[in-house]
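Let chain L serve as the given structure and place chains A and F on it in line with the hints.
Chains L, A and F, in that order, give the protein sequences. In this note's numbering, each residue carries its 1-based index in the first sequence increased by 19. In this note's numbering, each residue carries its 1-based index in the second sequence increased by 19. In this note's numbering, each residue carries its 1-based index in the third sequence increased by 19.
Incorrect hints may appear among the rest.
Same chains, same label: a pair holds when it works inside one copy or across any pair of copies.
[To be verified] Taking lysine-lysine and the DSS-like style, the derived pairs with C-alpha atoms no more than 30 Å apart in a straight line are: (1) Lys28 / Lys108; (2) Lys28 / Lys69; (3) Lys28 / Lys175; (4) Lys136 / Lys65.
Source of the hints: derived by calculation from the structure; they are not laboratory data.
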Amino acid sequence: MINVNELTKIPMECTLPEFVGTTVLDTIGLVIPGAEASLLSQMQLKKPYKSLGILSSRTGAAGQINAVDEAVKSTNTEVLSIQLPRDTKGWGGHGNFIILGGENVSDVRRAIEIALKFTEKYAGELYISEAGHLEFTYSSSADQALSFAFDAPVGKPFGFFCGSPAAIGLVMADLAVKSSPVQIIRYMTPDVGTSHSNEVIAAVTGEASAVKNAVLTAREIGLRLLVSLGSYPKTPSIPYL
Amino acid sequence: MINVNELTKIPMECTLPEFVGTTVLDTIGLVIPGAEASLLSQMQLKKPYKSLGILSSRTGAAGQINAVDEAVKSTNTEVLSIQLPRDTKGWGGHGNFIILGGENVSDVRRAIEIALKFTEKYAGELYISEAGHLEFTYSSSADQALSFAFDAPVGKPFGFFCGSPAAIGLVMADLAVKSSPVQIIRYMTPDVGTSHSNEVIAAVTGEASAVKNAVLTAREIGLRLLVSLGSYPKTPSIPYL
Amino acid sequence: MINVNELTKIPMECTLPEFVGTTVLDTIGLVIPGAEASLLSQMQLKKPYKSLGILSSRTGAAGQINAVDEAVKSTNTEVLSIQLPRDTKGWGGHGNFIILGGENVSDVRRAIEIALKFTEKYAGELYISEAGHLEFTYSSSADQALSFAFDAPVGKPFGFFCGSPAAIGLVMADLAVKSSPVQIIRYMTPDVGTSHSNEVIAAVTGEASAVKNAVLTAREIGLRLLVSLGSYPKTPSIPYL
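So here's chain L without its partners, still in its complex pose (with noise of 0.2 Å):
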């Protein structure tokens, strides 16, 4: 039993059985083997899977998203819930909050890790500085996760871009979107789809290399803008794209 007047004395390393692991962005992944009845009933889930997994973190969504879409594409589990907190640890973005369900715990188990793995290769792409941040991913073939969150037509190519002070969001997307032939699948404003961050997010789908294109034309355009604020970005990660 933890004594609360000595805090520094908890492990670091968690034996609980319902933790799967850690990494960049205060991310943590958890397991539920088996779902308490009436808890499960308050969090009406769109299918009641006992085995639940989930992802969140402080900071970052795009990138967490597309890590949980490699992982459901490669196990047996599907996305439930996911939302997104306004969060960023006082930046101007969100964080995120997602839910996977599968018929056994090994399985969601098997996915967190995955998307833990994926999420610290995407966070490459989450570009922040003094003045606000910048986030892109790319999927060369969208499943569920990206389906679920941003309308992505599944098995399609899907690029998504966001700039936080907002104006930097709307510039790169123009820019992007006249540089591609892409077709805008969601636009988001502080006040239209997002919980009230203040970045400019565009979501696009259509031929792989237009999509790429348009995502790499709004992360030139973005750090230009990004930089002109007087500060430069830092990657948690590497960037991949």
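Showing chains A and F alone in chain L's frame:
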């Protein structure tokens, strides 16, 4: 009259008649002896008391609501409004903005004094680390404020547990309700019942020992999971449960 | 083309044709000379100008809206959208995302230049301490932007006062409207009219001297209460009221 070019000459001991006091978590307690009529009408309070007591904090909600619960129990005052901004000074949670009413200003002033005192006490069950936070509160007999905010049955034991990032809150809730025969009265997530905070919150009722045991189980689990993210939490006061 | 592995090589002097300028409060001003058609349709602006001017900040709203008000007064442009993210870089308030339209890009560029200049000036009445913040603005003759955001009567004096934590804003509002014969045109709280910010905001109109006196009373009260929380505020610019 304040000279805005010499802000540091403003006395920290506030002598305004509206001032009651301050405490931890950037909490300020104030009274309005006879609210101005047009403002009172804009406030759309459920009962137009002219004497108002006000408590608000940048961080924490359940502890302060429980503190106000104590205050209205022992004074001739009534809870008029409880709102939860998305705040916590950049952390993933709320803050609070609570309005009481009473027939005379001495009653509401006394109520706010009591609420400030209990806010300090109850802040002992708020744990904040670099990665996230946990909040717990317990009442052996809920009154107006806990009922207003969380539908707590009046006169019954009440327990509250909250974890951020949200995934932690969900696993805490699952294991807490598995550990004790309690009933869930509220389940809150970034999209449901919160102001888009990065939390899962559960409020429960039941027999006193069961409710307290559920809160202590949630605390045990929450602390283990929060520490797994790599930093130790601190509490702004002294743990009391 | 930017090399994302050498981010500090990006020039801080932005040469993109869309760039107008930056100023205090992480404010950036941009133009879109001819918005891409599918993006423009997603934006659902009240009038589909192809030339757009954009101002957005991480912190502050009333000052920037007042600045945009000045800009549209003296240029051939129109306010199309004002949104308030829940931001303030982790502080308890908003930020802003404002879109103007005009028939040609030189008009909107000129409007954004004026808005940037006034944003710096009006930032002088934003006071931020470790505990919270206060914001004030005053216009002798409100125009489109103040009308769009706060229902200010066009051509009439306009006053705005805002305090965080929210309790401070309420007592400021009460004493301000008691001090002067003004009419409240907007009353905003964490749950009503804001994006869950930790603020009470009041906007008033009336005779010029009465409105100005109300704003100055609110400032006097707000500063005394904010300092009672134990730290002194700073302003990012120079007080001008």
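Taking the hints in turn, this is what the structure says about them:
For the identical chains of this complex, Lys28 and Lys108 are neighbours both inside a copy (26 Å) and across copies (27 Å), given an alpha-carbon limit of 30 Å. In this assembly of identical chains, Lys28 and Lys69 lie within 30 Å of each other by CA distance neither inside one copy nor across copies; the values are 33 Å within and 51 Å between. Taking identical chains as interchangeable, the C-alpha atoms of Lys28 and Lys175 are never at most 30 Å apart, the minima being 49 Å within one chain and 35 Å between chains. Within a single copy, Lys136 and Lys65 get their C-alpha atoms as close as 26 Å, which meets the 30 Å cut-off; across copies the closest is 44 Å, which misses it.
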